[in-house]
Each structure stands twice: as C-alpha cells, then as structure tokens.
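One line per chain: the protein sequences are A and B, in this order.
Residue numbers for the first sequence follow the working numbering, beginning at 1 and rising by one.
Residue numbers for the second sequence follow the working numbering, beginning at 1 and rising by one.
The set of hints was computed from the structure by calculation and includes no laboratory data.
Backbone N, C-alpha and C define an ideal beta-carbon position, used for all residues, glycine too.
One or more hints might be untrue.
[Claimed, not checked] Computed, partial: chain A to chain B, Cβ under 7 Å: (1) Arg29; (2) Val32; (3) Leu36; (4) Val200; (5) Thr201; (6) Leu326; (7) Leu328; (8) Gln329.
Take a look at the letters that make up each chain.
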Amino acid sequence: MEFLNPTALFGIFLLPLLLVPYLVRRAPRRLVFSSLLFLRELAARSLGRPWGKPHLPPIFFLQLLLLLLLILALGEPVLSIRPLRIAIVLDNSASMQALEEEKSRFELARERARDLLRGLSANARVDLYLTVPALAQIGDKGLAPGAAPALMGTLAPYDLGDRMVDYGEELSRLVQEKGYERLFFFTDHPGRGGGAIRLVTIGRPRDNLAVTSFRIARLSFASKQQEARIEVTSFSAKEEKVKVTLKGGGRILASRALTVGARKSVATSFQDFPAYPAYEAEIEVDDALALDNRRFAVAPPSGALEILAISPRPQALYSLRSIPGLSLQVISPEAYERIGSEGHSLEIFHFSAPSLLPRKHALFVLPPVENPLVAVGRPISRPTISGWREPHPLTRYVNFALLRPPYARPLKPLSFGESVVESPDGAVAVGLERQGFRYLALGFDPFPYLGRENLPMSIFTLNLLEWFNEALRGPGAATGEPLDLGARAGETVISPGGEKLIVGESAALFSRTFFQGFYELARGQRKEIVAVNLQDAKESDLGDPAPIELKGEPAASGSGFSLFAFWPYFLLASILLLFLEWFWGRPAAQA
Amino acid sequence: MLPAPFTADFISRLEALRLKTRKQFLGSRPGSYSSPRRGTSLEFADYRRYSPGDDIRYLDWGIFARSDRLYVKLFREEVDLFAYLFIDASGSMGFPSPAAKFSRACHVALALAYVVLANHDHVKLHLLQQGGAPVASPFYRGRHRIMDCIDFVSSSTPSGPVEMAPALAEHLQRLRRPGKAILLSDFLMAPASYQQGLNLLRALNLDISVIQVLARPELSPPFPRGGLALVDSESRAELQIQWGGELRREYGERLERHNRELKSFCHQSGIHYSLFVTDGELDEFVLETLPTIGLFK
Chain A
1 MEFLNPTALF GIFLLPLLLV PYLVRRAPRR LVFSSLLFLR ELAARSLGRP
51 WGKPHLPPIF FLQLLLLLLL ILALGEPVLS IRPLRIAIVL DNSASMQALE
101 EEKSRFELAR ERARDLLRGL SANARVDLYL TVPALAQIGD KGLAPGAAPA
151 LMGTLAPYDL GDRMVDYGEE LSRLVQEKGY ERLFFFTDHP GRGGGAIRLV
201 TIGRPRDNLA VTSFRIARLS FASKQQEARI EVTSFSAKEE KVKVTLKGGG
251 RILASRALTV GARKSVATSF QDFPAYPAYE AEIEVDDALA LDNRRFAVAP
301 PSGALEILAI SPRPQALYSL RSIPGLSLQV ISPEAYERIG SEGHSLEIFH
351 FSAPSLLPRK HALFVLPPVE NPLVAVGRPI SRPTISGWRE PHPLTRYVNF
401 ALLRPPYARP LKPLSFGESV VESPDGAVAV GLERQGFRYL ALGFDPFPYL
451 GRENLPMSIF TLNLLEWFNE ALRGPGAATG EPLDLGARAG ETVISPGGEK
501 LIVGESAALF SRTFFQGFYE LARGQRKEIV AVNLQDAKES DLGDPAPIEL
551 KGEPAASGSG FSLFAFWPYF LLASILLLFL EWFWGRPAAQ A
Chain B
1 MLPAPFTADF ISRLEALRLK TRKQFLGSRP GSYSSPRRGT SLEFADYRRY
51 SPGDDIRYLD WGIFARSDRL YVKLFREEVD LFAYLFIDAS GSMGFPSPAA
101 KFSRACHVAL ALAYVVLANH DHVKLHLLQQ GGAPVASPFY RGRHRIMDCI
151 DFVSSSTPSG PVEMAPALAE HLQRLRRPGK AILLSDFLMA PASYQQGLNL
201 LRALNLDISV IQVLARPELS PPFPRGGLAL VDSESRAELQ IQWGGELRRE
251 YGERLERHNR ELKSFCHQSG IHYSLFVTDG ELDEFVLETL PTIGLFK
C-alpha cells in the first residue's frame, strides 16, 4: 500500500493534541453536596496542579482511531503497486511566471514534479505535457523517471493565457485514450482531482498590477500628432502607487505617477513625444508577475489614409479629395475585378460589391442586391432616421434630425452585424467586424462630401473614415494569435527573444507568437514590426484564480480501493463522537 | 393523609410492635413499661416484712407456714412511656433532595411514633434546626394523633448548618420526663460534635437509640470525572477538587471509617445504632432491621 498524498500523514504528529482536552483541568462544574467533611483533606492534595491526572475514557480511543482513519484517508492510500504509466501536465500559461518568494510558480511546479518522479518505480514510464498553446506532449513518449527531469529543465512558461477549455474533460479524455494510471496536473489554479487525475496547486494568492492597455494613435487621420493611452489595472486588495513610463527607441519619453485603487483601473495619456517606430509602456512596481508590467505598441501609419473607391459613378467620390489626409483612387467595378486592391487600406464600394468579402476594411454604399454582406430592401424616398446606436464612433456629433438623405434602401445583415442607424423601414447603416477587418454597409449615399453645406452628412462621413482609420492602427495582436504578415516562403520573422524563424512554404499566417514583444518581419530591405501583448487579464489576476473542476476518472488499471472518498464520513463520525462525549461528560443531576 | 409507604399492612404490622427500653422510668400513668416504683403489676419485685395496714392479700402464706413470719410480696409498677424523636433538619438532610432524604427520615420517625402511639404511650417530635427557638411538638398520645405528627414533620424543611450539641441542649432544657430518645441524623459532622450531643442525652438518663440516615449519592457520589467545585449544602462553602477514581475510593474509605467510629461510640455508650440508606425499603428497615438491634420488644 502507498499514499498518493503523503503530506497528509504529517497530521499524525498532531494526534497527541487530542490528549490536551483530557489533560487540561476543565472549568470546574459547580455541584452541591451534603457535606464536604471528608473531601477537604483530599482536595488539598489534588489542587495546585495545572494538569489533571490523565483520564482516558474509551471514547478517547474511539476518537483517536477515527482521527487516525481520517488522516489515512486524506493520505489517499491505494493498494496498487506504484503506477507505471504516468502523465505529468505542467501548466505553462503566463501566470506560472509569477514569483513565489524567489522562485517562479513554474520552477516550483518542476520541483514538485521532480520530487514525484523520484518516488516512482524505475520501471515507470512518464509522458510530459504542456497546456498552452494546446495540450501537447513534449519530448519522447514513455520517458524513464530519470530522464524526465532533464527534459523538464528545458521547459519554460509562455506569455499565453489559459485556454478556454474544460480541463476536467480534456484530461479525462487523455487518461482514457492513453491509458495512464495516474495523471498529475501542476497548475496555479485551485481545485481538486479525483480518481486517476491529481491536481497539484502551486502558489498562493498574490497582489499584482498590470498594464492592461497601451495604444499609440494619431489624434485624427488628418493629424500627425500622436497620443499614447495607457491603462493600468490593479489586482491588489489595497491602493497602489505606480510610476508609468513611456519608452521609445530605448529612451524614456515621458513618465507619470498614478494611484490605482484596489481592483480598479486607471487610464492616462501622453502627447507631444517624439516619433519612433515602436513604443513600450512600463510600470515600475515590485509585484508578483513582471510580465504584465510591460506592454508594446507600434506607431500608426504616418502616411495618408489610402482609399480605393470602386464605383460606376465616380464623380460623387472625387469630393473626398477635399478632406486632408486622404489618398483616393477611383476605379470602375470592372477594373477592380481586373487589377485587385494591392496597396490600399480601405475600399469603398459605391453602388457595387465584390463577389466575396474583401480581406480589407470596406465601405459598401447602396450595394446591389447581389452582395456578400447585407440583404437590400425596397427603395424609400427621403427617409427619416428613427434610431441610432449611442454611444458609437459613427454616430458621434451627428444631428440625425437633420440627416435626410434623398433616397435610401433598408438593409438586413445576411449572417451577422449590428444596426447602427435605423429608419422606420429598417436599418440604413450596418456595421460588423470579422477577422480583424471592419465592414460598413450604408443604405443611403453620403457622397458627395459637401463640407459645411451638408453638415450632418459631412460629420457622418468623417466619423466613418475615422472609424476605419482607427481599425488600421489597431491594438496589435495578442500572444498566441496568428499574425497575418503576408509573408512569403523564405522570409524571416525575428521573435522578441531575437530568434530568427523562417516562414514555411505554405505559411500564410505566423502562429508562434508565444511571447509578447515586437515581432519583426524582414521583407528584403523593408522591415515590418508587429506588437504582440498578453491580452488575458485573468492571467494577471493572481489573487483570485479560477478553480478547476476535475472529474473523478478511474485509473486505467492498478489501484484497488481508496479510502479517500470516505473521509467526510469519518470526519462527520468524529464530530458526532465528540458531541456524544460532551453529552456523557455533563455533570450529573444535582439536588 | 398518610405517606405512601404507610400501607394498611405496614400499619397493622407496626401495631404489633412495642418499643423496648433498657431503663426504668417513672411514668405518669399505668402502662406497660416497668417503673422503679413498686406497684400492682403481675411482675414480682421483692418481699418486705408485714406492717400493720398492709393489704393482707399480698401476704405470702407459704413463708408464714415455714417460718411463722409474715411477709408481703411486692410487685413492680408498670407505667407508660415517654418517647422523644429528634430529627436532624439541617441542610445536609436535604441532599440530594428533601424528598429523597429528609422525608425518608421523617417516615422512619413517623413509623416509630406510630408504634408508640399504638401502645397508648407519649411521643414528642423535635426538629434540630438552625438558630431560633427549638421546634418541638407537644406530647401526642393515641394512634389518632399520628396525623398531628405528620402535619408537624411536613411543616418543616431542612436548611442551614446545625451544631448537634447546642441544638440538642436547647431541646433538653425543656425536657422534664425521662424516657426513650431516638435520634435520626446523617451524622455528617465531626465526631466531637455528635459525641457531645449524644453525651448530653446520656446525661439525662435517657434510653438512646441512633438511626443514621444516608442517601445513596452520599455513599457513592455520582460526580463526573474532572474538576468540580463542590458547595457544602449547609455552610455553602465551596471546595474545588479533581474528582476521579482514586478520590472516590478514598472518600468511600473515609465515610466508612466515620460510620465505624459512630457505631463504636454508640456501642461503648450503650446506644442502639442502625444505618438507614434512603433508597432502601422502609417496612423492611422498620420491621426487620430495627428489631435486630433491640429497639423493639
């Protein structure tokens, strides 16, 4: 027989404490007796001792037995021989980088796993797994217990959040498929395992602060002035003071002290700083997780908003050239089919539509019935605007009472999308985002752009251009999110750690974004930088990690019985006996 | 109404009993107990020379025939008995409850009183109580006065500390006629205290009997093990002890030694002694135990 949770056996050292209530003199019970004549001399001998003579009734031994059984049950004894098929699953998500005193949680998990491996039979075989980016086996199958620690030493946690999966189900399936006798899951989440799956929780709740948002943007698409917006969130139970620093080109550009309330967020912004291709925001604080104290962002495109307009009626669109910061090219729908849209960041389909949704931001103005985005309704003359979403970047500052397009058609999203502006006959503006691209379909024609002559429509036009421009500078990518670098085979991606990765033959996406920082795509002489950040706030919340519910899967083979399932009953029986003892120990009825 | 133990059978058996005295007393009326005086009973006492005026019916003609001298036969006088029942009404007699100990002691006293009353003798009940004037009933005579005896004992409750010797002395100051004294108490007091009290009774030339009344919890206290704060039922003094098996044994030994000393003193002083444990049967004690110590004829 062996114990799966031998730590519980240390409870045996606490058993002598059970003697204390029996040894310590109880508060004397007051009883009336006929005469104390014969008791006075006897009392003089027994008084003055803090400890009474040990009186151990039979119930004491019953209690001792039950507590012993309880400790044994918590030790999880099994009659099996030592398991031979073991799986060790190490949680390598970002929160495992959190420091516990001097060591990270991941290092502690490795040490616990090594201790576990030392206790295994030499004939045992061990498989190692990591949880992110996907539950995957590391190294060879069936490692000897002596070989597994060396492999574990090469592993490190990624800057990735936990996957949104049911670990209980996934690990149970792994146990069943691979036939493991025991699976040990080392993680920083609380919970408890059952059956063949053992959950080993590493670390304890810690306070933490994080930079949860960092964005560099131009004040408007026509402006060259940049603004840095930084949001700091506290996952601490007390108010914290931090210094926020904006860096660019290896220099400190600006800094500010902030006070962040307990479990609150504070945002701050910097302006008038020199232009650099990439920026870094950092908070100076000594907390548990250093990873989320930094965040990265790249500068927005400095050039004009490049628009490709596809229209059978180009005249109306030429008016957009009066807006500063725009670069407009107008082509016919036939020409679009022929030459494509290389080099433009926004496409405007004016009374036209492509057969498939373009992989670019796109505006559809009165699209034909055959379009991939919306169903188009019957024409309506001089519609009134009856509703609009508020707040929304598209409806900002627009007086919809004065917005009276001469002609409109109601729209209905084909699959998904949200109505932004509505008439009594249906939506006349539908917006949606898909795969990082923004699409807007209008049931009325906002062009030509007339400036002050049609102020509501002009404001609406500027709003939609700003909405697309905002999408262009984007928040960057999250760790683990594939990057659509448009890289061709043979081009090189340099990771934040300086590692050079050659893009494969068929790779349209670069998916090894496991660490936050700047990813640099070397495309001949031109370099493209993408900022990748940890964007899972749950990883930063070290004080209240989500518990993991594991199902009690039976081991694939081996183990006989387990007393562990009965421990609540032993505890209950112990408590009942204590009550009985109290009841029996009451003073006898007195006169 | 008679208490529960006094069944018709028990009462009829009590009527067959008579108190036995080892001393002769001067009674007030003719009765069935010997008096030191010469009288007209059937029990021969002595001879005396004939004097003119003597009743010639008592001349012993046999002696005159043999010695030609006139002698008259003298007979003992038989008188009634005065019985005094002293009941300890101290606080300790109320343990574990007045009904369990004091009432049981009163039942014994009532049974003895009935025996006396049934023989047309005189009985007087005395309560040994705390302070104040001594509480005693008048002399009762005739079996119908048993109800008065019941009323008398029912009106009292045990309380407070009682020093036996001073309490008895108060009662004895008012005692004029010698007779039979029966003392009912738990005697849970220092030996010197009860010895002084019993010696007072002896000094008055009373025929003394002692009935020690103890409750079962006094013989083997049912205390739980562990620390106890015991309160004396009389003095209310508190005593903290660590109760356990050893203490229980030593307590039993000391109580037994105490009772042995009491019994020994009574034996040396010519006093009848008997122990009544309150959970025992009253009729068994009165009809079987008390005759064995010579309390009844």
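Restraint: A:Leu36 near chain B, CB-CB cut 7 Å. Satisfied or not? holds (5 Å)
Given A:Leu326 as an interface hint, is its Cβ closer than 7 Å to any Cβ of chain B? Cβ of A:Leu326 sits 94 Å from chain B, so the hint is violated.
Would the hint on A:Val32 be counted as holding, given a Cβ-Cβ threshold of 7 Å to chain B? With a closest approach of 5 Å, the A:Val32 hint holds.
Is the interface hint for A:Thr201 satisfied, with its Cβ closer than 7 Å to some Cβ of chain B? Hint violated; A:Thr201 Cβ to chain B Cβ min 43 Å, cut 7 Å.
Please verify that hint: A:Leu328, Cβ, nearest Cβ of chain B, below 7 Å or not. The hint is violated - A:Leu328 has no Cβ within 7 Å of chain B, the shortest such distance being about 98 Å.
Per-residue hint verdict: A:Val200, partner chain B, C-beta under 7 Å: violated (45 Å)
Just to be careful: measuring from the Cβ of A:Arg29 to every Cβ in chain B, is the smallest value less than 7 Å? This hint holds: A:Arg29 lies near chain B, its Cβ roughly 6 Å from the closest one there, short of 7 Å.
Hinted contact A:Gln329 with chain B - closest CB pair below 7 Å: violated (100 Å)
The earlier numbered hints that this structure contradicts are 4, 5, 6, 7 and 8.
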